[in-house]
Amino acid sequence: MSIANFHPNDLLAILPELALVVLAGVIMTMDIVLAENRKRLLGLTTAVGSFVIIAAAVIFSQPNGELIWGGMISNDMVAFIFRLVFIFAGGITALLSVDVKGVAHKGDYYAIILGAVVGMCFMALAADIIMLYLAVETTGIAGYVLAGYVHRSSRSAEAGLKYFLFGAATSAVMLYGLSLVYGFTGETNLTAIASVLASGKVGISVILASAILILVGVGFKIAIVPFHFWAPDVYEGAPTPVTGFISTAAKTAGFAVLIRVFITGLTASEYWLPILVALAALTMTIGNLLALAQKNIKRLLAYSSIAHAGYALVAFVALSELGVAATVFYLMVYVITNLAAFGVVILVSRSGAGEEIAGYAGMSRRSPYLALAMLVAFLSLAGMPPLAGFFGKFYVFAAAMKAGLVWLALVGVLNAIIGLYYYLVVLKVVYVSPPQEGALAIEVPRAYSFALVILSVGIVLLGTAASPWFEWALSAAQGIF
Amino acid sequence: MEMGFPILSIITLTPFAAGVLLLLFPAERKREIRITALAAASLTLILSVVAYVSYDMEKAGYQFVEKFTWVDTLGISYYVGVDGISLPMVLLTGMVMFTGVLISWGIDDRPREFFAFLFILATGVFGVFVALDLFHLFFFYEIAVFPMYLLIAIWGWKETREYAAMKLTLYLFIGSVLALVGMLAMYFISGLGTFDMIALENADFSFAFQKFWFPFVFFGFAVLAGIFPFHNWSPDGHVAAPTAVSMFHAGVLMKLGAFAALRVGVMLLPEGARFWLPLIIFLALINVIYGAFVAMMQRDFKYVIGFSSVSHMGLVILGVATLNPQGITGAGLQMFSHGAMTALFFACVGIVYDRAHTRDIPSLGGMASKLPFVTVAFIIGGLVSMGMPGFSGFIAELPILIGLWNAGSVTSEYFIAPYYTWIVIIAVVAIVITASYILRAVHRVFFGEMPVEFEGHISQSTWRDKIAIVMLAVVLVALGVFPGLMAPLISTGAENVMAVLGGM
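Residue numbers (this note's numbering), protein chains in the order written: chain A, 795 to 1275; chain B, 113 to 616.
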């Protein structure tokens, strides 16, 4: 890998990001031009545009594994997969927003989503800590605005503020960690940092301190224990499509940074690995245990998403090709599955049934297909075959076992049981409890049924024909070791 | 490796495809839904029978083999084939699925979802019985377990369904994930880079490894076979489940546990099996005795059958634990015989309950006058259960007892060797207890005076019910009279197991 000089092809490499920015501009323009009653087109355009960009990226922007743009960007397979996941999540989020009151007809809402996606893409691409920090901040600020977007709702405003305060504080700590790294190695490029560290010139305490400080920032992004406190409140208060977006894409972007910083950069793993192993076990356990007591579906999914970050971390701490591949695959699965779950939550909230789990009573009688989508999503989260979550967990535990972390795998599988319990409790309400008096079928606009069908088919596809997707993730992992 | 007509794949996947198809039907077309379900079940049954009769016993070994790469990098394949032990289980599943659909005809609450979930479960069951790949086995094992939660929680007995469904699911999943960890350990330690079970049979795991991991795998799966002290979920689950699900559950699913414990635990970790043998025999013996005594104490008709399953599954595990050809043949026969018998029992109980709306044995009576078919069928089931000669129970239990008797002289290095005679005697006593609770149930439920409140309420059984129970009863008698229909086949399977276990 060499730091290549500028080449026109480098533009092609970041074509998806350029196209996203253009798309955001188009949306803003449409916002001004379109009549009020046609503003539904904004969300649809964002979604269709995102899917077109994915297709274009696959055709024109295949990675070559090189460092480009003066070593700022690593055009490799890991980044490529993550970027496609982010753009996909952004597109689905837009699709799931088109009939949600408060956000549906706002051009700037969709433009900010696209901005956040661009930020996430650069988080995955970053090969340099300066680029990395800029991308983290871009994503973060877009996220704070989105969480507080419905500013007339006090809950949403509170969510935005809370997200901002936690985010700003943790990213400042992270910046300090990054500055320590720069100060002691004299390098900003992650590969260069790794070679300085390998020479043994930097003391243990510095590596450990900077690793911990950076972990604070990353830990906030991926919402692992003990940096998870913001998640339930923000998830509950933010507009539901935004919650879906933050819990999937933003978390995944955090993992991209984790992989970049800790596998490419701070290679001296013996210092920070024990910390991450312990956090993985704690995150799974605490996330799942707290989820048990939840009565609100968004809070439940918040705690479940904390637990899922724990599983992904279990694979990561294996620090192997299989481990990183399992992490990447797990995140792909998790994004698709959780978006499906939030898609159902959005529809139920729209119908006026609220966000309490009790409001889901009798859904299978009122809307059998929506209930089925929820069944698919929740059982996938629980890790049941033939759904995607099963393969996701299987690879995770396989990676842990291969690395000799038998106890961590055992903690993981027992956590999967706790998870199964609370997912089943929700499904019990959906399938067993009688519907409330006068409850009607839940209206499902066509955009939503389209999104849910795509996601459900994706969940089954990744749960049966998992092989090509996993090979893809594995090729990405092989590129960084 | 022959690659002819993919009969096992079609058997496995037909129920799943039918389940998905059913979900596309409009919910109110209940008649069409039932007919489609019956058609799919019939097709599956016919194919299972075809597979059963066209298995070449001369050649023995795994037949109808199909193998496709699934996940190349981890050596996972879609790999199916049946031997003398798994083939009867496939036939049994086909029978229980077919009779289960007939018995469930009257389900009026969301029949579309009911049959879809039941069929997804059936695919899981078939998938496990035909699996030759460890991952494949586990994948379908999980598919077989989770629909159970929904089937019990939605269509079960209102009083206990939510509790029983959750208890069952959690028990089984704790078992299965522990087995998963054990399986992953085998995969990585073997260094073969494959989940192919036939390859793993020759992996030469160290004794220390086998000793450590055997309990994870064996007990992980044996939870589903209802081994003491992990049997607690089973009677509650049986009772809370709707009739067809009880039939599936006790008839087939518990065999899934025993089968997987044998296939993965004993066959891949034979040294571990030998080490843990005394404990397994001890626990299985408790199953046999305790299950029978508790069954005797029950007032609830369905709990009687539920605990009798705990008792009979103990015999299956005892047969497996003999680690000799007679015992394993007996275990295979007992799995089939008990599966058909208990499906028959639950069908009868379900028919009685649907009419009397109570399962309290003392308040029932005189059903024989209105339900002669059911009465005869139940008595046949009862005779099987008591191990009467001429019925399938006898030809299944006898080899188990002989195997146990012989095991004493072979495994002489173990401290329990001198006590095998006593184990046989205790197991025989349990069969006597079985007679007492079965005869009591027959007497109280079917004979005597019919209580006044039932007069005029007890309708005849439908022709669909009759087809189902006659079919199961005929199989039980036929197997008892002509053991040659199945015993030689199963003993080829047992030899297959013995070949893996090596010089016992």
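In case anyone wonders, no lab produced these hints; they're calculated from the structure.
Incorrect hints may appear among the rest.
Stated by the list, open to error - Under 7 angstroms between C-beta atoms, here's a sample of chain A residues computed to sit facing chain B:
id	residue
1	820
2	822
3	824
4	827
5	970
6	974
7	1113
8	1156
9	1160
10	1196
11	1197
12	1205
13	1210
14	1212
15	1261
16	1262
Claimed, not checked - Take a look, some chain B residues computed to stay more than 12 angstroms from chain A by CB distance:
id	residue
17	185
18	219
19	229
20	232
21	235
22	268
23	281
24	293
25	491
Unchecked claim - The calculated label-pair distances, taken between Cβ atoms and stated as ranges, are:
id	chain 1	residue 1	chain 2	residue 2	range
26	B	390	A	1200	23 to 33 angstroms
27	A	992	B	181	53 to 63 angstroms
28	B	141	A	838	30 to 40 angstroms
29	B	305	A	1200	17 to 27 angstroms
Where is the CB? At the ideal position from N, CA and C, for every residue including glycine.
Going down the list of hints, with the structure as the test:
A distance limit of 7 angstroms between C-beta atoms decides the matter here; for residue 820/A the minimum to chain B is near 38 angstroms, and the interface restraint is violated. Because the closest C-beta pair between residue 822/A and chain B is about 42 angstroms apart, greater than 7 angstroms, the hint is violated. Hint on residue 824/A is violated. Least Cβ distance to chain B is approximately 38 angstroms, over the 7 angstroms limit. Nearest Cβ of chain B to the Cβ of residue 827/A: about 42 angstroms, over the 7 angstroms cut. The hint is violated.
Annotation: interface hint on residue 970/A violated; nearest CB of chain B at approximately 40 angstroms, more than 7 angstroms. The interface hint given for residue 974/A is violated, since its Cβ lies 38 angstroms from the closest Cβ of chain B, which is over the 7 angstroms cut-off. Given hint, residue 1113/A at the interface with chain B, is violated; its Cβ is 16 angstroms from that chain's nearest Cβ, farther than 7 angstroms. At its closest, the beta carbon of residue 1156/A sits 11 angstroms from a beta carbon of chain B; the interface hint therefore is violated under the 7 angstroms criterion.
With 7 angstroms as the threshold, the beta carbon of residue 1160/A stays out of range of chain B, its nearest partner Cβ sitting at about 11 angstroms, so the hint is violated. Hint status for residue 1196/A relative to chain B: holds, with the closest Cβ pair at about 5 angstroms, below 7 angstroms. With 7 angstroms as the threshold, the beta carbon of residue 1197/A stays out of range of chain B, its nearest partner Cβ sitting at about 9 angstroms, so the hint is violated. Here the hint on residue 1205/A is broken, as its CB sits about 11 angstroms from the closest CB of chain B, past 7 angstroms.
Because the closest C-beta pair between residue 1210/A and chain B is about 6 angstroms apart, less than 7 angstroms, the hint holds. Because the closest C-beta pair between residue 1212/A and chain B is about 9 angstroms apart, greater than 7 angstroms, the hint is violated. Of the supplied interface hints, the one on residue 1261/A holds, with its beta-carbon coming within about 4 angstroms of a beta-carbon of chain B, less than 7 angstroms. Interface hint status for residue 1262/A: violated, as the beta-carbon distance to the closest one in chain B is roughly 9 angstroms, over 7 angstroms.
Not every CB of chain A lies more than 12 angstroms from the CB of residue 185/B, the least distance being 6 angstroms, so the non-interface label is violated. The Cβ of residue 219/B sits about 15 angstroms from the closest Cβ of chain A, beyond the 12 angstroms cut-off, so the non-interface label holds. The Cβ of residue 229/B does not lie farther than 12 angstroms from every Cβ of chain A; its closest approach is about 10 angstroms, which violates its non-interface assignment. Not every CB of chain A lies more than 12 angstroms from the CB of residue 232/B, the least distance being 9 angstroms, so the non-interface label is violated.
Listed as outside the interface, residue 235/B is inconsistent with that label: its C-beta sits roughly 9 angstroms from the nearest C-beta of chain A, within the 12 angstroms cut-off. A cut-off of 12 angstroms between C-beta atoms contradicts the statement that residue 268/B is not in contact with chain A; the least separation is 9 angstroms. Its beta-carbon lying about 7 angstroms from the closest one in chain A, residue 281/B breaks the requirement of being farther than 12 angstroms from that chain. Listed as a non-interface residue, residue 293/B fails to keep its Cβ farther than 12 angstroms from every Cβ of chain A; the least gap is roughly 6 angstroms.
Once the 12 angstroms rule is applied to beta carbons, residue 491/B is consistent with being away from chain A; the minimum gap is 37 angstroms. As the Cβ distance of residue 390/B to residue 1200/A is approximately 26 angstroms, the hint placing it in 23 to 33 angstroms holds. Between residue 992/A and residue 181/B the C-beta distance comes to about 39 angstroms, which lies outside the given range of 53 to 63 angstroms. Against the hinted window of 30 to 40 angstroms, the Cβ-Cβ separation of residue 141/B and residue 838/A comes to about 34 angstroms, which satisfies the hint.
At about 19 angstroms, the beta-carbon gap between residue 305/B and residue 1200/A stays in the expected band of 17 to 27 angstroms.
When each numbered hint is compared with the structure, violations occur for hints 1, 2, 3, 4, 5, 6, 7, 8, 9, 11, 12, 14, 16, 17, 19, 20, 21, 22, 23, 24, 27.
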